[in-house]
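Fit chain B to the given chain A structure using the hints.
Listed in order, the protein sequences are those of chains A and B. Using numbering that gives the first Met the number 0, the letters of the first sequence correspond one by one to residues 0 to 143. Using numbering that gives the first Met the number 0, the letters of the second sequence correspond one by one to residues 0 to 109.
Among the clues, some could well be false.
[Said to hold, decoys possible] Only part of the chain B face toward chain A is listed, based on derived beta-carbon distances under 10 Å: (1) 2; (2) 20; (3) 22; (4) 26; (5) 48; (6) 56; (7) 79; (8) 88.
[To be verified] Think about it this way: if two alpha-carbon atoms lie no more than 27 Å apart in a straight line, the pair counts; the simulated BS3-like pairs of lysine-lysine are: (9) 15(A) to 30(B); (10) 82(B) to 39(A); (11) 31(B) to 15(A); (12) 30(B) to 46(B); (13) 30(B) to 4(B); (14) 67(B) to 31(B); (15) 67(B) to 15(A); (16) 30(B) to 39(A); (17) 136(A) to 82(B).
[As the list claims (entries may be wrong)] Which bits of chain A does chain B cover? Going by a derived footprint, with three or more residues having C-beta under 8 Å, they are: (18) 6 to 20; (19) 111 to 120.
Hints are computed from structural coordinates only; laboratory data are not their basis. Model, not experiment: these values are computed from the prediction. Heads up, the beta-carbon is just placed ideally off N, CA and C, and yes, glycines get one too.
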Amino acid sequence: MDDELAVKIEVPAELKLLRPLNLFVRGLMEQAPALAASEKLLDDMELVFNEAFMNVHDHAYRFGAKGRLSVEIILRQDRLEFRFEDEGESFDPNLIPPPDPDETGERGRGVWLMRQFMDQFIYRSDTNGKNLLRLIKNLPVPGR
Amino acid sequence: MDIEKRGTVTIIRTDERLDAIVAPQFKDTVKKMAEESALHLVVDLAKTRFIDSSGCGALVASIRALLKNGGEMKIARPSAQAKTLFELTRLHRVFEIFDDLDQAVNSFSS
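Excised from the complex, chain A in its bound form (with noise of 0.2 Å):
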């Protein structure tokens, strides 16, 4: 692949498109070498941008407002970053706690498995009601 790979969607926070999406996001991620070689990696990366999208579904645009969702997928050979940039409710990621198997609760695990699986989680809310989640994970560099 090129030094850099860079693809920036617009699209309806609807969940009919979470399918089409992963399976577009993941066809993307195969370009990288380190991802394309590891199975694991690439379900990870991939349930990490269907809990990020999910996200936005139900909590930014959680009254029903049919909101829009920039996606951005920023692939180098040594780092893979998804940013998503919504117009909804904002939230703060320091409040969701970590699971805990005696609260069976149904909801609240998306957040927890996105901050497992990536290196850096980055989410901030600006003035213009605009809120950037940044998703940063470092890949292995074959023969580095």
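Here is chain B on its own, set in the frame of chain A:
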């Protein structure tokens, strides 16, 4: 998703993906069955290569509905991806998990 009865045990075989698209249907199906009788349920994940947090949530809702109605739930043949997910979310301490379907089916006490 398909459902098989084997003696007193019900087996639900999930499809390739247990995600936010199918989680509500899965949850509703189990909840309905749980309310009809004290169900011995095995969720067979052999065909499922991808589970997300919504899928985990549906499994948690299912085991809760079963236990509330005197039933039990076991999980059979999870993929490596599912096992990782259960461990990271600590659900491996909530679910009884089997690598073999027959073992899961025969594990119910009565």
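Going through the hints against the structure:
no.	hint	in the structure
1	2	22 Å, violated
2	20	6 Å, holds
3	22	9 Å, holds
4	26	8 Å, holds
5	48	8 Å, holds
6	56	4 Å, holds
7	79	7 Å, holds
8	88	5 Å, holds
9	15(A) to 30(B)	24 Å, holds
10	82(B) to 39(A)	12 Å, holds
11	31(B) to 15(A)	25 Å, holds
12	30(B) to 46(B)	22 Å, holds
13	30(B) to 4(B)	17 Å, holds
14	67(B) to 31(B)	12 Å, holds
15	67(B) to 15(A)	33 Å, violated
16	30(B) to 39(A)	32 Å, violated
17	136(A) to 82(B)	21 Å, holds
18	6 to 20	holds (count 3)
19	111 to 120	holds (count 3)
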